[in-house]
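Engineer: Following the hints, position chain B against chain A.
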Amino acid sequence: MSLASVSVHPARKRRRLRMALTEAGSIALGVVLLVWSLLPLYNMLLVALDPEEGEIEFDGNIWTPEPSLESFRAAVTEEARYLEHFWHEFGNSLYIGLATMVLTLLIGSLASFAVSRLRPGSGSLLTNAALLTYAIPASFLIVPYYRIMHVYGLSDELWAVIAVQVTFATPFAVLILGLYARLIPFELDDAARVDGASAVQLYLRIYLPLMRPALAVVAIYALLLAWNDYLYQAVLLSVRNMTVSVVQGQVFVDVDAAWNAMMAAAIIYVLPPIALLFVLRRYVAASLTMGGGDR
Amino acid sequence: MSGTPGVIAATIPASVKGSGHPPGRGHLRGSDLKWAIAFVAPYAAVFFAFVVYPVGYALWMASEPSLYRDLIADPLYLPTLVNTLLFVGLGVNLKMFLALLLSGYFMRPRWWIKILLAIYVLPWTVAAAQACISFHWMLIDQRGLVDGLLSALFGVEGPIWLNDRWLALGSNIAAYTWKWMPFWTLIFIAGRMTIPRDIYDAAAVDGATGIRRFVHVTFPLLANLYLICSLLSTLWTLGDFTTVYLVSGGAPALSSEVLATLGFRYAFDTARPALGVAAVMSTLPILIPVTIVLMRKVQTSAVQV
Numbered sequence: 001m002s003l004a005s006v007s008v009h010p011a012r013k014r015r016r017l018r019m020a021l022t023e024a025g026s027i028a029l030g031v032v033l034l035v036w037s038l039l040p041l042y043n044m045l046l047v048a049l050d051p052e053e054g055e056i057e058f059d060g061n062i063w064t065p066e067p068s069l070e071s072f073r074a075a076v077t078e079e080a081r082y083l084e085h086f087w088h089e090f091g092n093s094l095y096i097g098l099a100t101m102v103l104t105l106l107i108g109s110l111a112s113f114a115v116s117r118l119r120p121g122s123g124s125l126l127t128n129a130a131l132l133t134y135a136i137p138a139s140f141l142i143v144p145y146y147r148i149m150h151v152y153g154l155s156d157e158l159w160a161v162i163a164v165q166v167t168f169a170t171p172f173a174v175l176i177l178g179l180y181a182r183l184i185p186f187e188l189d190d191a192a193r194v195d196g197a198s199a200v201q202l203y204l205r206i207y208l209p210l211m212r213p214a215l216a217v218v219a220i221y222a223l224l225l226a227w228n229d230y231l232y233q234a235v236l237l238s239v240r241n242m243t244v245s246v247v248q249g250q251v252f253v254d255v256d257a258a259w260n261a262m263m264a265a266a267i268i269y270v271l272p273p274i275a276l277l278f279v280l281r282r283y284v285a286a287s288l289t290m291g292g293g294d295r
Numbered sequence: 296m297s298g299t300p301g302v303i304a305a306t307i308p309a310s311v312k313g314s315g316h317p318p319g320r321g322h323l324r325g326s327d328l329k330w331a332i333a334f335v336a337p338y339a340a341v342f343f344a345f346v347v348y349p350v351g352y353a354l355w356m357a358s359e360p361s362l363y364r365d366l367i368a369d370p371l372y373l374p375t376l377v378n379t380l381l382f383v384g385l386g387v388n389l390k391m392f393l394a395l396l397l398s399g400y401f402m403r404p405r406w407w408i409k410i411l412l413a414i415y416v417l418p419w420t421v422a423a424a425q426a427c428i429s430f431h432w433m434l435i436d437q438r439g440l441v442d443g444l445l446s447a448l449f450g451v452e453g454p455i456w457l458n459d460r461w462l463a464l465g466s467n468i469a470a471y472t473w474k475w476m477p478f479w480t481l482i483f484i485a486g487r488m489t490i491p492r493d494i495y496d497a498a499a500v501d502g503a504t505g506i507r508r509f510v511h512v513t514f515p516l517l518a519n520l521y522l523i524c525s526l527l528s529t530l531w532t533l534g535d536f537t538t539v540y541l542v543s544g545g546a547p548a549l550s551s552e553v554l555a556t557l558g559f560r561y562a563f564d565t566a567r568p569a570l571g572v573a574a575v576m577s578t579l580p581i582l583i584p585v586t587i588v589l590m591r592k593v594q595t596s597a598v599q600v
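Quick mapping for you: the protein sequence lines, in order, are chains A and B.
Residue 179 in our numbering sits at position 179 of the first sequence, with consecutive numbering throughout.
Positions in the second sequence are counted from 1; adding 295 to them yields our numbering.
Worth flagging that the hints you see were computed from the coordinates, not collected in a lab.
None of the values given here were measured: they were computed from a predicted structure.
Any given hint might turn out to be false.
Claimed, not checked - Mimicking EDC-like on lysine to aspartate or glutamate, the simulated pairs with C-alpha atoms at most 20 angstroms apart in a straight line are:
no., chain 1, residue 1, chain 2, residue 2
1, A, Lys13, A, Glu23
2, B, Lys409, A, Glu23
3, B, Lys329, A, Asp189
4, B, Lys329, A, Asp190
To be verified - Looking from chain B toward chain A, a few residues come up when the C-beta cut is under 7 angstroms (computed):
no., residue
5, Phe345
6, Leu417
7, Leu462
Think of the CB as a built atom: it goes at the ideal place given N, C-alpha and C, for glycine as much as any other residue.
Next comes chain A alone, as it looks inside the complex (with noise of 0.2 angstroms):
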């Protein structure tokens, strides 16, 4: 008894010290991690309170010396150099990942209720149709695009920007919801039947409602990729047309542009799709566990 308890002692201690560790190393793997995550934006932050115009002044200082919010004015008022019409631009980018968001919804969950409750078998031709879209990357068609646009009459549309969003956001939102789609039971669906519930029925009574968490992640998918875009809204819109992204990219190899505004521009850009992450996170959270979590 004696001899079991003295033996057991150390290796007690071990294990505890073992756990001890786990938990400082997996704390100093956090603090890493909280680095890695915030410094480019905490390096957004630093240009856009430094108070000096024009030329990067910050000078390899890791705090300004002088924070000042007249950058954020300056952008808001349209007042800084490249910025004039901000808030148009802002409209336009705004308005595109709106629409691209709001059609990615639609066609993608159209699509996916029909193979998927209407013609179960017939999914993988979908599932292959949207795998294939991504076989060649968006970025590598863009001289096609730029040909196609003038075509079908969008050139210098931002149409033609949505277009192509939605063309590459609903193949993943298909992926997504075929995938979120097998949790529904099929049972809902014949009981909707037998009361006469017509296809459309089941799409808005049935299907839209209980997709509710899978539409959230591709309603935020669909916008980021919208909002993550420099390429396509650079190439297929002219300077009439500008986004936010566009301006920015083209002027940023300029020195003496309000840096600091730029910035500060950049800062209130980047908000909205943060916005609706948080506004839908219970729903995002609730796919990630497949609607097991809060079952």
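Structural biologist: Only chain B this time, still in chain A's reference frame:
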């Protein structure tokens, strides 16, 4: 599932209203087919107008053999191909493997892990162009934040990151990893959540904990997901334009370009659109096998579930 009002459903315009079909199984089969075709039609229209047509157009533009002679003759092409393979090879594998490990880390039951995850996911939601510009200024030279931190914390004189081909390439990979690792980490967290608890409990009885549990239990269960994600990420990374264009901008002297940005320069800076298309289409020997394996894998995993 939580029963709050349909935020998403409300954003979808209810343009299609029910027309009320009479019940009856046999009749519904036929009308189902009609509805299915009608519902898939918008997707099919987009697919043919904006995928089949431009891809066909690109293949036609790039079908001229003399273009490839011009490519090989251009001293920029081969170094750019090497850069592309490094950017994709390192960018994808580093990012995916770290994402897989970190997804396990974020499953730890600690109160602060959730807050850390929320911050860690931020880069995914930050617009790519703005993030890349921030990386560019952060790494510019001694005036940038990274070198500022190096000298403030360690008294080291940092390098001029974007003035060396390999450092510039590394910077691009780091920026790309920063932006996209959170997305894949979330996917792997979702994958891990589908693994039933009892499998781990059973493994623990057999003494599989820590690294052994990862190698013998978690990884085999996630291997298919990992492969599918890696292949998809390969396609997306190969097509990434923004990171290289805005972080290093090809500096120094176009030595850190990838094919996506080089093709763009051929097409729009030197006005040789066909050469630009040929440059990116020269990756077809990578794109086609990756897509075929991806389709096979998605197909078999769909059957399994």
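Engineer: Does each hint fit the structure? Answer for all of them.
Structural biologist: Here's how the hints hold up against the structure:
{"no.": "1", "hint": "Lys13/A with Glu23/A", "result": "holds, 15 angstroms"}
{"no.": "2", "hint": "Lys409/B with Glu23/A", "result": "holds, 16 angstroms"}
{"no.": "3", "hint": "Lys329/B with Asp189/A", "result": "holds, 17 angstroms"}
{"no.": "4", "hint": "Lys329/B with Asp190/A", "result": "holds, 18 angstroms"}
{"no.": "5", "hint": "Phe345", "result": "holds, 4 angstroms"}
{"no.": "6", "hint": "Leu417", "result": "holds, 6 angstroms"}
{"no.": "7", "hint": "Leu462", "result": "violated, 17 angstroms"}
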